[in-house]
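Work out the full structure, taking the sequences as your base and the hints as a guide.
Read off the chains here:
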Amino acid sequence: MTGLFLFEGRRFWKPKKTRVIILLLIITLVTFIVFNIVQDKLYWIKQAADLTIERVVIESEVKRVNNELLLLKESMPDNLEAAKNVEKQLDFLTNRRYYNIQQINYTKHNNKDNAMARVELWLESDRHLLSGIEAGFPLEEMGFKISGAEIPQRISVNEYLIQQKVQPLNSPYEMTATNFIYKLFDYPWIAIILLPLFLLNIDIFSADFDGGAYKVLYSRHFSRRGIYFVKFIVRYVYSMLIVSCLLAIAFCLIGALNGYGEAGYPISYLSSFHQLTATGSQVLLPWIEYFYRAISLYLIVCSFIIILTGTISLLTKDTLGTLSVSICILFLDYSLRTVFNNESSIYMFWPLAPSVINNVLQGAYRLSALAYLVLLIATTIVLLAVGLCVIVKQDLKGGSF
Amino acid sequence: MTALLVDKLHKSFGKHHVLKDVSFTVEAGEIVGFIGPNGAGKSTTMKCVANLVYPDSGKIVIQGHDLKKSRRQALRNLSALIEAPGLYPNLSGIENLKLFASLQRVPNKQVEKIGKYTGLGARLKVKVSKYSMGMKQRLALGIALLASPTILVLDEPFSGLDPDGVFQLREMMKKLAAEGCGILFSSHQILQMDKVADRNIFIKEGRIITLAEAQPYVITLNYKLAIEQDSGYLELLSNLKESSVISDFQQDEHFLQISLTSTDHLTTVLAELINSGCRINGIAPLTADIENVYRAIYSQGAL
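Chains as they are written, first to last, in the numbering used here: chain Y, 1036 to 1436; chain F, 198 to 500.
In silico lysine-lysine, DSS-like type, Cα no more than 27 angstroms apart, as pairs:
hint, chain 1, residue 1, chain 2, residue 2
1, Y, K1352, F, K295
2, Y, K1352, Y, K1432
3, F, K256, Y, K1432
4, F, K256, Y, K1428
5, F, K322, Y, K1049
6, F, K265, Y, K1432
7, F, K324, Y, K1432
8, F, K265, Y, K1352
9, Y, K1180, Y, K1076
10, Y, K1049, F, K310
11, Y, K1052, F, K295
12, F, K327, Y, K1432
13, Y, K1428, F, K217
14, F, K212, F, K256
15, Y, K1051, F, K322
16, F, K295, Y, K1432
17, F, K313, Y, K1049
18, F, K212, Y, K1432
19, Y, K1052, F, K322
20, F, K324, Y, K1052
21, F, K212, Y, K1428
22, F, K313, F, K327
23, F, K327, Y, K1051
Away from chain F, derived, C-beta distances all over 10 angstroms, residues of chain Y:
hint, residue
24, I1061
25, V1069
26, L1077
27, A1083
28, P1112
29, A1117
30, N1120
31, I1136
32, M1151
33, V1272
34, A1298
35, S1338
36, E1378
Derived DEER-like restraints, expressed as beta-carbon distance ranges:
hint, chain 1, residue 1, chain 2, residue 2, range
37, Y, L1059, F, S220, 49 to 59 angstroms
38, F, D359, Y, T1373, 58 to 68 angstroms
39, Y, I1381, F, G211, 35 to 45 angstroms
40, F, K310, Y, I1323, 55 to 65 angstroms
Hints listed in this document are in silico derivations from the structure and should not be mistaken for laboratory results. This structure is a prediction, so every number in the text was calculated from the model and none was measured. In this text, a Cβ means the ideal position worked out from N, Cα and C, and glycines have one as well.
Structural data, given as structure tokens:
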């Protein structure tokens, strides 16, 4: 068996393909980091622009409501109730202007020292905005860009930051080491992890058949079962080593250059992780606790991708065929999403349904994250068993170059 | 000792019955040629021996170990080169050698020795995808010889080799056989086979041609007779040809060469010649030509 491990190890590291993929992974990681740094720099410029637009909206609304109030007082001086309602709206808009001016001011003089004050201001502003929604003011009609679900979530995060005295991020894009990992588990950046895993394993079995080398390998005294498992073990260990080590290096480098960020930074998470159905509520977890949950999912998702790629490679016995089938699976996934709505029960059995780790932990899968883990593990085991049956039972033929 | 025993092997691919009751042996130190046209079942038989294809029934015993029951022991000393050379095209020759050496835990010295044997020299550092067929064949042979096998299965080992390579391989096969290695090999170059094989096995449409069946083709019908100079037998020989006792004859100064229509007619011809006063000083059978045997066995309607 040692010979087999040595053989597979050499076969993994020797081809140029492995080195090219490592290089591509490094380039992609650097691109990802640079992209986020640029987004971070642009964030407050965009915020200032958005707030300026909001200012214009507020000013015009203040004028409009003021005029409405004057008209009302002139035309119906006895209708005090209606005047009081309009006065409330005017009062709300005046306060919004007050918040808006302060917020614009912060976007110009934003730094780490006044970050907590900024959070407090945004918290107050959001609370005020929420009170406006609750009072029934037609904010969207007025021209405010607000989302009903976004405000309470932002409030709870900011409350958490203040209560726990957690240093806030400059923006959602700030490249602290912890935020780097969090963003990597999000769509579409998860591809940075999964694509190299796919490419590193695309020829796990097919390379033997492409060149006919299987005739030498499988006519040796090793059992086919042994060859099958050694291939997966070696590929899994080395692929994961490459990806995880590069992520760890990037984590450390970012940490050293840009700060590690707060391990207690709050991340939204669906509380019903351990239950079968996703009936829980969104709670905030410190980054470190979220990371522990995400890492188990990361390992299972990576295993699933490696085993899926390996099984396709074994069934097609052709590297280009493996690529074609994988593209077909992605197309099928896209088609399913087009044909079936989010509530369809088909997604309960489709392992690619949630697509990213963060979505699973935040309740995107119809059942719980734990149920998704079970689905992935079961699918992985089924794929392993199918591959094993094929390799053990099948006559090996063909393959030459 | 029997290095390889193949007993009553059957194999079908779908409805196509590829191997029908194939049985033969290869003794230790013996070189056995496996002859048959394309599609006769040579490669399938060899793949069964190399455990790449599972037979439907039958038994394969390698060095006393049943391939089904003790696969590990059976395959430990077997090396096989089946059809086209099995290599990793995106690696260099030396990387391929080292890769397969690591699989069998062959020491570096042996790798260097085999590297020299392949005769590829500096080309060993070139990617295999850039090799010619002959170079691939040399490298694949080197890989097959890495672990000093005691039974060697070679499917078309001469294909793509230049004359030097063919000669070198023949010598290597003889050397390995002298060291006790049993060799089963197939080739379409039957003259090469005749030069190196101790004996040949013929396979036709998945069935081994038995010795009894092949006998009429293998046993010679041609004899050379040393006779006293006399031209008086020409009429007698012409009569024998007319009566289909012989198919042909040639006579020169001291020798008479006759081709019988059947082995039974030898005594008749000799008796007729002696009775007519011919003095026969010696008689020798002329060896059956492998090409003629091949043509006879595989010609339409034969067997």
